[in-house]
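Asks: If you read the protein sequences in the order shown, they are chains A and B.
The first sequence runs 40 to 165 under this note's numbering.
The second sequence runs 40 to 165 under this note's numbering.
Keep in mind that the hints were calculated from the coordinates and are not lab data.
The structure presented is a predicted model; accordingly, all values stated were derived computationally and were not measured.
Take these hints with a grain of salt, some might be off.
Identical copies go unnamed one by one, so any copy, or any two together, can satisfy a pair.
[What the hints assert, rightly or not] No farther apart than 25 Å at their CA atoms in a straight line, the calculated lysine to any residue pairs in the SDA-like style are these:
#, residue 1, residue 2
1, K95, R84
2, K95, L137
3, K163, E89
4, K163, D86
5, K105, E89
6, K163, D92
7, K95, Q136
8, K105, Q85
9, K163, P88
10, K105, P88
11, K105, L137
12, K163, Q85
13, K105, V65
14, K163, L137
15, K100, Q136
16, K105, A59
17, K95, R107
18, K95, M122
19, K100, L137
Protein chains: 2
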Amino acid sequence: MRSQKSSGLFWMKQVIVVNASLGMGVGKTAAQVAHASTGSYGRSRQDFPEDVDTWKREGQKKIVVKGRDAEHLRELRRNAEIMGLPCYLVEDAGLTQLPPGTVSALAIGPAPDDDVDVLTGDLKLL
Amino acid sequence: MRSQKSSGLFWMKQVIVVNASLGMGVGKTAAQVAHASTGSYGRSRQDFPEDVDTWKREGQKKIVVKGRDAEHLRELRRNAEIMGLPCYLVEDAGLTQLPPGTVSALAIGPAPDDDVDVLTGDLKLL
């Protein structure tokens with residue numbers, strides 16, 4: 040379960056997991072990460088406004104890590120949802136480079152560091 | 040000046056200009072782009088909510104391009120402000136890799152394609 044303590048006691052972060060199996064270029068990767076980041080930010084702002092305020096005060100920490108493939112990202116999303124953490128999975132619109140529906144990136148948080156680390160703490164930085 | 044026609048007549052996009060002189064890695068680049076994207080999105084939503092709605096309906100087009108250096112990004116920001124376009128310049132908090140205050144990325148829009156192209160149409164994709 041998501042940590043129940045007051046959010047003021049935590050460091051907050053947002054972690055974005057990129058589908059490394061796609062071999063996207065830097066610009067495409069950055070655009071997909073931005074899409075995921077914005078989407079999860081919107082959900083966190085709605086459901087956990089205090090966490091978002093804390094995260095902004097702390098400098099909006101964002102960490103980008105590698106995920107194996109689409110199934111890995113979907114599994115992380117399921118687990119984030121079970122934990123009650125805000126998240127957003129990007130399925131690319133297919134306007135450039137990728138086929139429509141391609142799972143490209145998953146953002147989790149902003150949420151307490153320790154909660155996000157349960158899911159992504161063992162993933163390598165991109 | 041910013042286009043005055045009804046926003047419903049336009050394609051919208053957000054362009055994010057990365058400071059290529061920093062030689063940031065992929066993950067760092069993506070995080071800075073996400074920061075810029077979120078910041079400019081917030082401003083556009085506040086000042087041009089119809090443009091943001093249109094942009095979302097169209098699939099949130101985001102394009103990531105190369106800027107020369109910090110001065111180039113600052114100049115683009117000045118010109119975006121003169122044109123009345125929403126924009127957001129990231130000066131990194133310096134938590135990782137970069138010295139505090141480093142200008143890393145500039146997002147412009149979501150705003151009408153043609154308006155953004157005046158500023159960034161000649162820049163290369165990252």
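Asks: Taking the hints in turn, state whether each one holds.
Replies: Each hint tested on the structure:
1. Proximity of K95 and R84 under a CA criterion of 25 Å is satisfied in both settings, with 11 Å inside one chain copy and 18 Å between copies.
2. Taking identical chains as interchangeable, the C-alpha atoms of K95 and L137 lie at most 25 Å apart only when they sit on different chains, with a minimum of 19 Å there against 32 Å within one chain.
3. Taking identical chains as interchangeable, the C-alpha atoms of K163 and E89 are never at most 25 Å apart, the minima being 29 Å within one chain and 39 Å between chains.
4. In this assembly of identical chains, K163 and D86 lie within 25 Å of each other by CA distance neither inside one copy nor across copies; the values are 28 Å within and 38 Å between.
5. Proximity of K105 to E89 under the C-alpha cut-off of 25 Å is found in neither arrangement, the shortest distances being 28 Å within a copy and 35 Å between copies.
6. Taking the shortest Cα distances, K163 and D92 never come within 25 Å of each other, neither inside one copy (27 Å) nor across copies (35 Å).
7. Taking the closest pair of Cα atoms, K95 and Q136 come within 25 Å of each other only across two copies (20 Å); inside a single copy the shortest separation is 33 Å, beyond that limit.
8. Neither within a single protomer nor between protomers do K105 and Q85 lie at most 25 Å apart by alpha-carbon distance, with minima of 27 Å and 33 Å respectively.
9. For a Cα distance limit of 25 Å, the shortest separation of K163 from P88 qualifies neither inside one copy, at 29 Å, nor across copies, at 37 Å.
10. Taking CA atoms no more than 25 Å apart as the test, K105 paired with P88 passes in neither setting, with 28 Å inside one copy and 34 Å between copies.
11. In this assembly of identical chains, K105 and L137 lie within 25 Å of each other by CA distance both inside one copy and across copies; the values are 18 Å within and 21 Å between.
12. In this assembly of identical chains, K163 and Q85 lie within 25 Å of each other by CA distance neither inside one copy nor across copies; the values are 29 Å within and 36 Å between.
13. When the C-alpha separation of K105 and V65 is checked against a cutoff of 25 Å, the pair qualifies both within a copy, at 13 Å, and between copies, at 11 Å.
14. In the homo-oligomer, the alpha carbons of K163 and L137 lie at most 25 Å apart both inside one protomer (24 Å) and across protomers (20 Å), since each shortest distance falls under that limit.
15. For the homomeric pair K100 and Q136, the shortest alpha-carbon distance between copies (13 Å) is at most 25 Å, but the shortest distance inside one copy (29 Å) is not.
16. In this assembly of identical chains, the alpha carbons of K105 and A59 lie at most 25 Å apart whether taken from the same copy (6 Å) or from different copies (22 Å).
17. In this homomeric assembly, K95 and R107 never come within 25 Å of each other (Cα to Cα): the closest approach is 29 Å inside a single copy and 28 Å across copies.
18. Proximity of K95 and M122 under a CA criterion of 25 Å is satisfied intra-copy only: 22 Å inside one chain copy versus 28 Å between copies.
19. In this assembly of identical chains, the alpha carbons of K100 and L137 lie at most 25 Å apart only when taken from different copies (14 Å versus 28 Å within one copy).
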